[in-house]
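Peer 1: Protein chains in written order, with our numbering: chain A, 177 to 449; chain B, 379 to 645.
Keep in mind that the hints were calculated from the coordinates and are not lab data. Errors might be hidden in some of the hints.
Unchecked claim - Covered, in the sense of this in silico footprint (three residues per stretch, anywhere, with C-beta under 8 angstroms from a C-beta of chain B), are these stretches of chain A:
#1 245-257
#2 269-275
#3 278-287
What the hints assert, rightly or not - Covered stretches of chain B, as calculated for chain A (at least 3 residues, CB under 8 angstroms):
#4 462-475
#5 488-496
Said to hold, decoys possible - Quick list of the computed label-pair ranges, beta carbon to beta carbon:
#6 K317/A x V403/B: 32 to 40 angstroms
#7 V403/B x A182/A: 54 to 62 angstroms
#8 G517/B x Y290/A: 24 to 32 angstroms
#9 D241/A x W561/B: 53 to 61 angstroms
#10 P354/A x P475/B: 45 to 53 angstroms
#11 W399/B x L245/A: 53 to 61 angstroms
#12 I627/B x Y290/A: 42 to 50 angstroms
#13 K355/A x W561/B: 21 to 29 angstroms
#14 D320/A x T460/B: 21 to 29 angstroms
Note that beta-carbon positions come from the ideal geometry of N, C-alpha and C, so glycine has one too.
So the chains spell out like this:
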Amino acid sequence: MLILDALSKTYKTGDTALSDVSLTVPKGQIMGLIGPSGAGKSTLIRCINRLVEPTGGKVLLNDVDLVGLGKRELRQQRRRIGMIFQEYALVERLTVMENVLSGRLGYVPFWRSYLRRFPAEDITRAYALLDRVGLLEHADKRADALSGGQRQRVGIARALAQDPELLLVDEPTASLDPKTSRQIMRLLIEICAERGLPAIVNIHDVPLAQQFMQRIVGLRAGRVVFDGPPDLLTQDALTTIYGEEDWNAMRKGDEEQSAAEADARERLAALVV
Amino acid sequence: MSITYPTRWKRPPQIIRDRHWRIAVQIGIVVYLVLALGTVDVNWTRVYEGLERGQRFVLGFLQPDFTSRWRDISNGLIESLTMTLTSTVVGVAISVPIGIGAARNIAPVWIYRICRSIIAISRALQEIIIAIFLVAMFGFGPFAGFLTLSFATIGFIAKLLADDIEEIEEAQAEAIRATGASWWQVVNYAVQPQVMPRLIGLSLYRLDINFRESAVIGIVGAGGIGATLNTAISRYEYDSAGAILLIIIGIVMVAEYSSSYLRKFLQ
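I would like the entire structure built from these sequences, with the hints used as guidance.
Peer 2: Below, the structure written as structure tokens:
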């Protein structure tokens with residue numbers, strides 16, 4: 177369980193990115209974080225594993241306060257938090273296997289990681305994860321040889337290699353096409369369900385959030401302005417989060433798209449039969 | 379009735395906006411150039427005598443004598459090549475930690491300052507100055523040359539490596555950091571793969587710079603083919619000197635082409 181208590185972040189420039197954010201994410205819950213650009217979504221999830229230092233408040237992950245830990249303790253706690261990035265953030269020139277194994281870096285001494293001599297169970301786990309995300313035969317390829325969707329799968333495997341207790345997911349589908357986006361979201365949901373993992377997912381595609389998230393939190397100018405299940409995300413709620421816009425037209429567009437997708441699926445099914 | 383748009387367009391001045399200033403600066407440059415040329419005092423009789431010596435030199439080039447001083451030449455060459463290779467290896471080995479320390483995005487401020495100062499010192503002192511100094515310290519011969527080139531290599535490689543590290547894709551380092559990796563692991567997993575091809579390329583480039591420099595610093599006594607060349611010139615053996623210069627040109631060309639081929643192959 178993750179508890180954020182009055183989390184705040186003010187950058188050195190004086191910009192307030194987060195003010196007084198309090199949230200509780202229970203085990204197994206997948207929470208979508210939506211909001212306009214600059215609302216503080218990215219800052220929020222980076223404050224949890226302290227890639228960004230919060231300026232106030234508490235972050236409790238299963239009763240350990242992550243704010244104010246020393247360097248060594250922080251590294252040990254970071255192992256418990258898997259992170260998946262926008263644009264994948266794989267190390268391009270390393271192999272897929274090295275990228276997945278890098279999820280174990282917090283657990284092994286430097287000499288093992290330097291010589292790429294990871295313990296047998298880590299290697300077995302890495303293979304199992306690659307198999308789970310469907311990339312077993314790509315293990316020895318360089319990460320930059322993969323397609324966008326495949327790279328994000330490697331990103332997921334890397335995060336899971338940490339054996340995390342929480343997943344932080346930053347715009348996982350920002351650079352993927354609609355179909356691949358949905359496949360990646362589905363994979364994430366399945367994996368979280370399998371492991372009872374809580375997850376916070378930054379996402380700016382509202383229909384995608386509504387389709388996949390169990391709970392949606394809307395952030396505007398660093399404050400929580402909406403918190404509820406996806407079906408409560410009405411036109412009014414969207415206006416509070418994003419400002420005035422013709423939401424119905426957008427939804428209609430999305431309905432058209434899903435209708436077209438369904439149509440294509442039916443035709444494909446007909447062809448197969 | 380439609381609006382008529384202009385048919386002529388001129389690029390607006392980019393550096394000095396004001397027309398008067400622009401003209402003043404242009405006139406200033408011309409005046410300075412005329413005055414500066416006026417102070418150069420050319421002694422035409424000496425130029426004439428020099429031409430004659432130059433002619434002998436060119437003739438020496440046209441009939442290079444590889445054989446009569448071949449022993450000296452080959453010793454000088456071997457010395458130079460040894461100096462080049464060892465100083466590059468040692469220089470690069472020392473440059474890597476200094477370069478990492480001089481990268482602002484991964485090193486703490488105090489280490490950054492120290493490493494940047496080492497780089498600044500190494501770059502401020504030109505090879506010949508260091509060579510003169512080290513020859514005075516350790517005596518004539520290739521050891522002084524080896525130290526000179528190693529020292530110069532540090533300034534070159536460490537600076538370019540540090541600049542390269544500062545330009546890595548931060549997202550990859552952030553992702554590795556987020557797994558709970560230590561500083562060394564971040565360097566090994568996120569930084570090294572991003573800068574390695576360039577580090578290899580720079581080292582090869584430095585190898586051929588060091589060979590060229592070894593010929594120059596030999597003239598001030600730091601051993602190698604430069605020393606042989608210097609001796610040949612002071613003995614007025616322009617045919618041997620010509621042979622040495624041709625060999626240097628040949629080796630530099632081979633090094634240049636092979637290192638650029640290797641660099642292309644690596645990328």
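Peer 1: If a hint holds in the structure, say so; if it doesn't, say that too.
Peer 2: Verification of the hints:
For the stretch 245-257 of chain A, the stated coverage by chain B is satisfied: 6 residues place a CB nearer than 8 angstroms to a CB of that chain, which reaches the threshold of 3. With 3 residues having a beta carbon nearer than 8 angstroms to a beta carbon of chain B, the stretch 269-275 of chain A meets the requirement of three or more and the stated coverage holds. A count of 7 residues in the stretch 278-287 of chain A with a Cβ less than 8 angstroms from any Cβ of chain B is obtained; the coverage claim is therefore met, three being the minimum. Interface restraint, the stretch 462-475 of chain B with chain A: violated (0 residues with C-beta to C-beta distance below 8 angstroms; minimum three).
Counting residues of the stretch 488-496 of chain B whose beta-carbon sits less than 8 angstroms from any beta-carbon of chain A gives 0, not enough to reach three: the coverage restraint is violated. Checked against the hint of 32 to 40 angstroms, the pair K317/A and V403/B fails, with Cβ atoms roughly 58 angstroms apart. Roughly 60 angstroms separates the CB atoms of V403/B and A182/A, a value that falls within the hinted 54 to 62 angstroms. Distance hint check for G517/B and Y290/A: the Cβ-Cβ separation is about 41 angstroms, which falls outside the suggested range of 24 to 32 angstroms.
At roughly 23 angstroms, the beta carbons of D241/A and W561/B sit outside the given window of 53 to 61 angstroms. Roughly 48 angstroms separates the CB atoms of P354/A and P475/B, a value that falls within the hinted 45 to 53 angstroms. The given range of 53 to 61 angstroms is respected by W399/B and L245/A, whose C-beta atoms sit roughly 59 angstroms from each other. For the pair I627/B and Y290/A, the beta carbons lie near 43 angstroms from each other, so the given range of 42 to 50 angstroms is met.
Remark: the range hint 21 to 29 angstroms for K355/A to W561/B is contradicted by a beta-carbon distance near 40 angstroms. Remark: the range hint 21 to 29 angstroms for D320/A to T460/B is contradicted by a beta-carbon distance near 40 angstroms.
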